[in-house]
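Throw the hints in and build the complete structure from the sequences for me.
So that you can map any letter, position 306 of the sequence shown is 310 in my numbering, and since no number is skipped, the others follow by simple counting.
Calculated from the structure, these hints are not laboratory results.
Every clue listed holds true.
Derived CB-CB ranges, DEER-like: (1) A321 / P24: 33 to 43 Å; (2) T79 / E26: 16 to 26 Å; (3) R53 / A265: 52 to 62 Å; (4) V101 / V234: 22 to 32 Å; (5) G334 / T79: 16 to 26 Å; (6) A197 / V101: 30 to 40 Å; (7) G174 / T233: 42 to 52 Å; (8) L296 / A321: 14 to 24 Å; (9) V101 / F206: 40 to 50 Å; (10) A56 / A258: 43 to 53 Å; (11) A107 / R53: 46 to 56 Å; (12) L127 / A268: 24 to 34 Å; (13) S240 / R49: 56 to 66 Å; (14) N135 / A197: 11 to 21 Å.
Heads up, simulated DSBU-like pairs for lysine-lysine below, C-alpha to C-alpha not over 30 Å straight-line: (15) K239 / K251; (16) K222 / K239; (17) K222 / K251; (18) K161 / K250; (19) K161 / K239; (20) K222 / K250; (21) K161 / K222; (22) K250 / K239; (23) K251 / K161.
Quantities reported herein were computed from a predicted structural model and do not represent experimental measurements.
Idealized CB from N, CA, C, for every residue including glycine.
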Amino acid sequence: MEKGGELFFLDEHFEPVEGPVEEYGSAVWSERYFEPGTFTLHVPRSLVRAAAGARYVRSAEDDGGILCGRIEYLTAEEDGEAEIGGRLLGALLEDRVIAEIPAGSGDAAGTVLSVAEANLRGLGITVDRANSVSIGEAASPAGLFDNLGAWCYDALKPFGAAPQIKLREGQGGILVPVLRVVRGLDRSAEGSAARAVFSKSFGNILSVSLERDSGRMKNAVYVEGRDGTVVLADKSGGSGRRETYKKAADIAPADYMDDAAYRAALMRRGEEILAGRAATLCVSAETDAGALPVYGRDYALGDVCDVADEELGVSFAVRLTGVDTVWEGGGRMRIPFFGEEARLLRRLTDEERI
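Here it is, written out as structure tokens:
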């Protein structure tokens, strides 16, 4: 088996207690961009004893980096394999509430990292500012006792950014969980990065299905602050406005230097609300293994790519929101997902089973 298919069971300090393990039925690592990912392992019953004493499991280093998750369940029937599963390290942020709110930095990424750093409280996570993106706009303010993980994802989503926690090499070569803020590149025709296109005319799509749902969509929201001040966040483009209302009692004028800063905070909250009420676009496409572009080289998690279907007469710029890496039968397969809630574009990529 390739090195990336090896498994290591880890204790609470991310030190190995068992591994490398190469003999198992399957391993599915499901990375997600706007939420913590998950993993599912099917292993021999003989590994249950080692897994029962472990808190985490990780893959070996390969071209996709190190994948690591917290063990949250284990089942073993009398006959057959055992199943071990849980969520990837982004879920660690959900173990804390926001009990301390430091001063904002004026940049959404910097604010998220500051709030996280102030509330990690013994999780053992290192905050990496040097390798995090700079967004250039302020984040919606954190609320006291909000869930830290949910707030981090929600605060960054309007900017197409996300928190990312991965095991990385620290001092002395020891692997430690590292928090960064990342943002995908725009690889569509409108972007400045090298373009990634999925289309029948390019020969990398075999079939396309399309589903659109705008039933819950809102493109304008009135946001009312604690003192009754109301601002309108309007993303309708001047036509077809679909309005909603939100009371933001946690945003008060006393927390800001002047009225302009206070209104800007209300506006950012509105943009965050609208990001969660966008129309759902579901484009599903599938290609043969080996088709270009190649995940990890030509496009990555969080990137915006072009998807077109000449027969349907549609063309969309869609974000890569999930990637499943599947190890089974001695080989690897990657299945990226593009679009809302990691459900949209499904394709088999560059690695075939061996």
